[in-house]
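Quick note, the sequences are listed as chains A and B, same order.
Just so we're aligned, residue 12 is where the first sequence starts under the numbering used here, counting upward by one.
Just so we're aligned, residue 12 is where the second sequence starts under the numbering used here, counting upward by one.
Just to be clear, a hint being listed does not mean it is correct.
List time: in silico SDA-like cross-link candidates among lysine to any residue, alpha-carbon distance up to 25 angstroms [stated by the list, open to error]:
hint, chain 1, residue 1, chain 2, residue 2
1, B, K563, A, E580
2, A, K563, B, E580
3, B, K13, B, K266
Simulated from the structure, these hints should not be mistaken for laboratory data.
Read off the chains here:
Protein chains: 2
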Amino acid sequence: MKSVDFSNIKITGGFWKERQDLIRNVTVNAVYDRFYDTGRIDAFKFDKDSEIKPHIFWDSDVAKWMEGVAYLLVEKREPHLEKIVEGLIDLIEKNQEECGYFNIFFTVVEPQNRFTNRDCHELYCAGHLMEASVAYYQATGKRRFLDLMCKYADYIEKRFKIDRDTAFVTPGHQEIELALVKMYEVTKEKRYLELSKFFVDERGKRKEFRYDWCKESYHQSHIPVREQSEAVGHAVRATYLYCAMADLALRYGDKELKSACERIFDDIVNHKMYITGGIGSSRAGEAFTIPYDLPNLIAYTESCAAIGLVLFCHRMLLLTNDVKYSHTIERALYNGFLSSFSLDGKSFFYCNPLEVLPSLHKRDEELTEKTINMPITQRVEVFECSCCPPNIVRFVPSIGNYLYTYDQNSIYVHQFTESTAQIDGVTIEQKTSYPQSGKISIKVTGKDTTLYVRIPEFIDTYEGKTENGYAIFNVKNGETIELNFDMQPRLIEANPLVTFDSGKVAIMRGPVVYCLEGVDNGPNLRDIRIDKNGKFTEKIDTDLGVLALECKAYRRKPTKALYAPMSNERIEITAKLIPYYAFANRGESEMQVWSLVE
Amino acid sequence: MKSVDFSNIKITGGFWKERQDLIRNVTVNAVYDRFYDTGRIDAFKFDKDSEIKPHIFWDSDVAKWMEGVAYLLVEKREPHLEKIVEGLIDLIEKNQEECGYFNIFFTVVEPQNRFTNRDCHELYCAGHLMEASVAYYQATGKRRFLDLMCKYADYIEKRFKIDRDTAFVTPGHQEIELALVKMYEVTKEKRYLELSKFFVDERGKRKEFRYDWCKESYHQSHIPVREQSEAVGHAVRATYLYCAMADLALRYGDKELKSACERIFDDIVNHKMYITGGIGSSRAGEAFTIPYDLPNLIAYTESCAAIGLVLFCHRMLLLTNDVKYSHTIERALYNGFLSSFSLDGKSFFYCNPLEVLPSLHKRDEELTEKTINMPITQRVEVFECSCCPPNIVRFVPSIGNYLYTYDQNSIYVHQFTESTAQIDGVTIEQKTSYPQSGKISIKVTGKDTTLYVRIPEFIDTYEGKTENGYAIFNVKNGETIELNFDMQPRLIEANPLVTFDSGKVAIMRGPVVYCLEGVDNGPNLRDIRIDKNGKFTEKIDTDLGVLALECKAYRRKPTKALYAPMSNERIEITAKLIPYYAFANRGESEMQVWSLVE
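So here's chain A without its partners, still in its complex pose:
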């Protein structure tokens, strides 16, 4: 299957247009301002006398922001942003060493320690700079940044692959592997693809540096990658590695790599993924844990990991065209990813918990040693480790990437959003207010085309011609097809082995996971039992600008005794649910995705 780059797709309205506008008008500037305030931008000046010590991953924070700017420029030039990026490239050019090396921390703070500490994000920063340079070249046609990064890539190849004189062989935090594939795609320099393959192939073949608080599995180095079957360790490192594995599987026709990717993906979606598409359930190591270990209150589910999962799924889609990868992209997009930024576009979650109990945060104020480490309850504008905000900035403008794949006369429609796409001489126009409505019209202009439209995961029965989960339409040039997916809210339960969700249901409407918030439903959400008949009324919440749901539910009567014989007495209430992605936009409040049912 071939991919359709977002540069060939214009999101013209609806759900994602709103978000793209928000990123362009608010978020890209808000993230820049916070990066400027915190010294991340000025760090590129390499001022050794600066009072602010650059962090080992600051290069990557800014690089991801630059990549985001590049993606915004594809559709519409933004001179003030382009000027900032050019200024940063000036500094990169100025401060890059003759040999090609470029890293702020390992030039300004610890120049003596270059390529000695596997876990210091050195190659991770390099990877993000490379991705940014590719994006900027593709958006603007300007090669300077790309050339600088080619020089850096050449130097890395020399040191790691040719001279082999570095203190470690493979990066502690994967990222450069997938970046090198992009460098190859844009330069056609096979060496970059080979270097990516080198890093992927060598991983897990020897004991390299490891933290004293975790095992090699933390950075997926416990066994060679082709032997891996389980998603383990740091979830972002993992997904970035899996992306590169899928990239290489595709380009080398490497069946072992492909099948490792398939096994790992299945492990994630069958055992280790929240209903929101969030992954990495443990704060310890920001990591995957054991199957079915999906605690809601302490869900780690880093925003970057949700993005990483989408990136991985997209590559698997290109490799297999299996509808399940687009199902998972949709799940992550509308839930675990979307929750990561506020509706005003200015603040961010690093962790995206599925339950918030502010009283437990209050409990821990009395003791600095926390009972349980819980995610913060409100989004903030910047983090010390602020990888997520710029990842959002680069992700939303490139959302078009996930809409289509194609092959000869067949076009596959994976995601639904109002848009116009140019694909292989064909124009595809989607008209829809999805996910608010399940109605989608798709017009094909240019030539007769076979359309394969993904039937969403929440559709149990589809009437019409289907194949492998796609609805098939032979569409004449100029013809429009209509679909209307049932968006009736549904009560969903987790596998019985997910102990943290036992006895509970989540409510989904189409691909959107809903939640209860204290601000709508009062305190003590855990005592609310959703009526098991699951009849919902839809209502626009004008305050949040989202489609809310109301349903019958029950609470127990307040009592004084701490323990008493079971009572069947109930107070009937109307529970209000809002999309999970919109939680925590009205002040600190209880929240839960999983509720009792009765």
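Go by the hints and put chain B onto chain A.
This is chain B only, laid out in the frame that chain A set:
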């Protein structure tokens, strides 16, 4: 109300006789052996060249064991134990300083730091030695140990109350306050009572030493004790303080102290006590937290805190004769306390969780930084901080203390167990296999007596003459009365505000809390739903020697999908429940007290 000391009561059979025999035949020796192995016994030799460095609280560990031996000697002399105790007293006599000071750590390791660090358990150790000396004197009539401890108490009085030249005013770990009351009771030296009052009065009046990771509330020093209304901080420190407050309230007729104790007790039983009578829900600070914060999986619920709660309740009973204190004693006795030692009497829990999920322990093996700190899943023979095992040794032989109070011609029967008691010229004989059966016969010999028999908390309606929760019987000399309490198992729910128990029930039969164990019910107990009609079959489990229960219950069908539309399909199963106190006696296994109900 007057108390009836256990020395006037002989437990003649039944439930507690078994436990008393176990302590006498097994536990007292097992604890001694582990204390010997770990150097706690030899530490009394004050060998400065020893390779084993004594810990600051080792004096107290051994003192509690000595107190336990003393209680065993009341009923039956045990020459080998008495010899060990005499040997220890020899060492105490030999190593006590001329001034009266005695502390292993602050003589052998840090003699320069005496009375400088509020938190080093120095006065806590002194208190336990005093309690042991009182017990040994009362059991044997031998005064030597008591005299040594009087000398020490005199020295403490001089330094802390008269000269006031110590670096802190009140102990960081309360204990000496209640010990000094015992010293007063046996010596009639008012100075000891006054010193206890001094320590209690001065607490919370100034900023003293505090840990940097908690507030003054950790050792109940945030405000003066008479102003306190909430149970806060370290649960063992708290209950030992509350004991002394109640002791002093009784002896001084101090209404402010009494009412503080009443407020605190109500706070505990209405907001902060597990259904097992366990208290102190947080590992952080081994402490009470906010109301209704009663997590099951990470319940801290130290064995010593359950004992501390009983000791506090008993003093409140003497102060008020309110039946609620005996209710709570019964709850703690049969559950949160009893779970602390294995059925073979050789191993112990420090924490007594209400849920065990071994898979989550397995999860954390991959990472040395734990996701959540959970209690151990199996009892062990000794802890580094081994306060609980000797506390059990001293508690079980003195269980008779909680059976009766009396006043003029009235005798109050608080707990039910086969026994013969001598009370104020009356002999009371209880015949019962309680709590297995609810049948109790009580024979009164000596004179006509009004018996007030506590109606247990689990009895909703009692037919007969009652007053303030007691059934009243005017019993003639030689007459026997019969009671038959309904022991039908019941489904109990927690207050709706206890978020961790929402949607769940616990099963209690009489005063005994039951639990599900994986060894009986297979894995994934959280998916088991107890049938809401609550019909139970009783069956003796001969392996454990306990009364087990069976009931109808349901599981969901195993499925592959991680998420799916809610299904009402169920597999009917027979769930087996065993008394909570008997859990973890058949290897590591899941366990839960609170189960779903349907």
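What are the numbers of the hints the structure violates, in ascending order? Checked against the structure, no hint fails, so every one of them is satisfied.
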